[in-house]
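Visitor: Protein chains in written order, with this note's numbering: chain W, 1 to 290; chain Z, 291 to 533.
Treat the hints with caution; some may be incorrect.
Label pairs and their in silico Cβ distance ranges [said to hold, decoys possible]:
#1 W:Ala62 with Z:Ser402: 52 to 58 Å
#2 Z:Glu360 with W:Phe156: 47 to 53 Å
#3 Z:Ala415 with W:Ile222: 54 to 60 Å
#4 Z:Ala467 with W:Leu69: 56 to 62 Å
#5 Z:Met386 with W:Asp90: 19 to 25 Å
#6 Z:Asn480 with W:Phe87: 20 to 26 Å
#7 Z:Asn480 with W:Leu69: 48 to 54 Å
#8 W:Val272 with Z:Ala430: 31 to 37 Å
Keep in mind that the hints were calculated from the coordinates and are not lab data.
Idealized CB from N, CA, C, for every residue including glycine.
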Amino acid sequence: MNLVQQLINGMVLGHAYALIAIGWTVLLGVARLVNFGHGQIYMLAAFVTWWAVAGLGLPYPAAILVAMLAGVLIGLIMQAAMLRLTFAQDLVSIMIVTLGFGHMMRGIAGLVFGGHPQVLETPLSWIDFEIAGAWVTAQDLAIILVAILFFALLHFVLERGALGRTARMVAEDPKLAQLAGIDVRRVYFAVFAFEGAAVALAASLVAPRTPILTSIGFEEVIVTFVVVVLGGIGSVAGSYVAGLGLGIFTALFGGFVSPAYATTAAFGVLIVVLVLRPSGLALGAGRGAR
Amino acid sequence: MTRPVLEARDLRVAYGGNVALDIPHLAIAPGELVGVVGANGAGKSTLVNALLGWSRGAPRVSGSVRLDGEEIGGLPPHSRVRQGLTLVPEGGAVFMRLTVADNIAAASAPASSGRRGHDEEEVYALFPRLRERLHHAASALSGGERQMLAIARALRLGPRVLLLDEPSIGLAPRLVADVLRTVRGLVDENLSVLLVEQNVRAAIEVVDRLILLERGHILAQGPAAAMRDDPRILAAYLGEAVA
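Bound conformation, chain Z alone (with noise of 0.2 Å):
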C-alpha cells in the first residue's frame, strides 16, 4: 500500500472525564475520498476537529496524528493548516462581514510551503455563483453558497488533506448532490479528503471507502462497494431491511 498521506494512531478526544473519540488508527491514501458516517453524537466532527486540534470547547486531544509521514500531532491549528491539513468545519464557516471577494483573496498557501493553492480565476471556474456575488458580504449569501465559499477559501490554502464536516447540511437535495461531485472532481484531481456526512444514501455514492462511527469508536469500515451491503448500514441508514 502507498504511504497514507494522512495517518492517526491512538487519538482520543475526552471531556472532562468522559471519552468523545477513541480512535486506535485511521489512514488516507494520496487522491483517496473516504466517508465518515454515524448517528448523532458519534463524534464524527470530533474527529475531524481532533486531526486538526481545532475544537470551539476545550476538549483534551491526545494521539499521534502524521501528514505525509511528518508528525503534526503536537502542532497549532494554524501550523497544521500551513503543513497542508484543511477544514471546512460544519456550516460553512466564512468570515460574514467580510465580502466573496475578500474572504476568497484572504485565503492562500503560504509562499514557503511551494505548495500552489487554486487561484482566484479556478476557484471561480469551479463556483461561477461566487463570481456573480464577488462584492456581496457573506452574510447576504444562501447556505450553498456559504458552503461553495467556504470550500473555495479552504482550496486557496492549497491543501493536501482537506477535511470537510458536513458539507450538505441544510442544503436542497439538488444542491447535496453538486457539492458532493464537486468534491468527487477534486479527489480525481489528486486532492485526498475526509468527508463527514449524515446525509449516508449520497455520500456512498462519491465516496472510495467508509468508516462507520459509533459513540466515539469505529463500528466498521471498507470499500463503499462492500460497505452498501453492510447490514448496520442498511438497516441504519438506507432504510432496508436486513434479510
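Chain W extracted, bound-state conformation (with noise of 0.2 Å):
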C-alpha cells in the first residue's frame, strides 16, 4: 500500500470531514445549538448540485450556489420554525425538531428526485495529477483549496472584525447581547442560514466522489459530531484540526489495518481524546466561536 497515496487521501478526506462540519461548528459556538438535520441538508444539496447541473445543464460553480443559495433557503425555514425554542435555549425540544426536519427531508429528496442513486459529474472529476506515484483529482485539489480559503476567512472574520465580536456576545450571553442593541433573532436566522450554505458547499464539491442516495447524510452527521467534539465545541480552528486530524487517520487506518473497522477506531480515539481531555483538542475550546 502506497503511503503517499494514502496521506494525499487522508488529506483530501480531512479537508473534505472539516468542511462538511464547519457549519454545526458556528452553530454550536454561536447559538449553542444543535442541528440533527445536518446531514440530510448535505444530501439535498447534493441532490440539488446534481439537478442544476443534469437537470437544468449549469456549469458546475454556478450549480454550487443553487445549492448554497437552497441550503440558506433550509437552514430559515428550521430558524424560523424553532425560534421560540432556540430563545429557550431548549436543546432537547431542537435535537428533536431537528431529527424530524431530517427525515421530512430525506422523504421529500425521495418524492423529487427518486430512489436511484446519481452520479454528479464535474469537469475537475476528469482531471487528474500524478505526485510521487500517487493520484489525485483536480476535484479533489479543490476541496482541499476550498476547505483552507474558506476557514482561513471564517477565522480571520471571527478573529478581527465587529462581525466576530458580536458572534461571542451573543455565544456568551444572547440576553445581555440584547443590552448592546444586537438582534439576537436576526444573529440566529444568520448563524443557521450560514449553517446551511456551508454544508451544501461542502456537499456541492464532496459528493462527485461517491454516488448520491437519499441515505446519505447520516456518516455525515457522524463525522461532523466527532470533529466539533474532538475540535472543542465552537472552536473553528480546532474543528479543521480535527477534521484533518481524523480524515488522515481513517485513511491510514484504512489503508493499512482494515477499512472496515475505520469508523470504529475512530470513535475509539475520540473517547480516548474526551476521556484524555474533556474540552477538545483546540485551546480555549468551548468558549464560542472564535
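Could you use the hints to bring the two separately framed chains together as a complex?
Guide: Shown next, in the form of C-alpha cells:
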C-alpha cells in the first residue's frame, strides 16, 4: 500500500470532513444549538447540485451557488420554525425537531429526486495529477483549496472583525447582547443560514466522490459530531485540525489495517481524547465561536 | 413642566397570575436623576427591566413607554437600546470572555441615530482604572471594575436615558460613593438617569427625586430633600425613630 497515496487520500478526506463540519461548529459556538438534520441538508444539497448540472444544464460553479441558496433557504425555514425554542435554549426539543426535519428532508428528496442513485459528474473529476506515484483529481484539490480558504476567511472574520465580536457576545450571553443593541434573532437566522450554505458547499464539492442517494447524510452527521467535539466545541481552528486529523487517521487505518473498522477506530480515538481532554483538542475550546 | 424624556403609563408586569408591578404613571425629566428604593422584592429591578422590555424570565408586560414622546412599548429590547434607552442590569453585567477593550469597542451608538455616545477616550477619562486593565478579560476584573465597565459600555451607546440597576451592590463603601458621584456628574451634563438603589442613605445624597416602591406599587415619591424627612423612609431605611 502506497503511503503517499494514503496520506493524500487522508488530506482530501480530512478537508472534506472539516468542510462538512464547519457549519455545525459555528452553529454550536455562536447559537449554542445543534442540528441533527445537518446530514440531510448535505444530502439535499448534493441532489440539488446534481439536478442543477444534469437537469438544468448549469455550469458546475453556478450549480454550487444554487445548492448554497437551497441550503440558506432550508436553514432559514428551520430557524423560523424553531425560533421560540432557540430563545429558550431548549436543546432537547431542538434536537428532536431537527431530527424530524432531517426525516422530512429525506422523504421530500425521495419524492422529488426518486430512489435511484445519481452520479454528479464535474469537469474537475476528469482531471488528475500524479504526485510521487500517487494520484489526485482536480476535484480533490478543489476540496482542499476551498476548505483552506473557507476556514482562513472564517477565522479572520471571527477573530478580527466586529462580526466576530458580535458572534462571541451572542455566544456568551444572548440576553445581555440585546442590551448592547444587538438583534439576537437576526444573528440566529444568520447562523442557521450560514450553516445551510456551508454544508451545501461541502456537499457540492464532496458529493462527486460518491453516488448520491437519499440515504446518505447519516455518516456525515456522525463525522461532523466527531470533528466538532474533537476540535473543541465552537472552535473554528480546532475543527479544521480535528477534521484533518480524523481524515488522515481514517485513510491510514483503512489503508494499512482495515477499512471496515476505520469508523470504529475513529470513535475509539474520540473516546480516548475526551477522557484525557474533555474540552477537546483546541486551546480555549468551548468558549464560543472563534 | 418640560416634556418628560421617559414616561410610562399603566405599566404592569405579571408572572403567571401574580402581578409583580403596577405603575399607573412614571416620568423622568431631561437631566433628572430619579432614585428608586424599596425592600427586596419591591419590584425595583422589575420596573427598570420592564421599561426596556427585557427580562431573563418570561413575564407578561403591558402598558405604554414613551421615549422623547415616541411610543417604544411595543419594541424589542435591542430596538429600545438603539432609540436611546439603556440598561445596566444588576451585577454590572459585562461580557466576561471579552477583554475590557473589546467590551468597550463592541458598544457604540448606531450611526443612524444621530446621537453621539462617549468615545473611548472619554470613557477612559471617566474611569481611568479601565485603561490600566485594557487587555484583561472582564472575568479578571474586581466587582467595582466590572461595574465601571458596565456603565462605560452603556455610555458608549449614547443613551438619552440610563437605567441603572443597583450599581453599588457588592461594592466597598468608598467605591459606592465614587460610582454615585460619577452618575451625578453624568446627570449634571444633562443625561437622565433612573437609579435603582438599596443603599438609600447613599442614594438620597445624589438624586433629585426619590420613588419608594413596595410590593410593585409606588408608595411615595417626591424631591429628595422632602423624602429625606418622610417617616416611611426614615423608619425603614435611614434607621431613625419617627417622632
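Visitor: Of the hints given before, which are not true for this structure?
Guide: Violated hints: 1, 2 and 6; rest satisfied.
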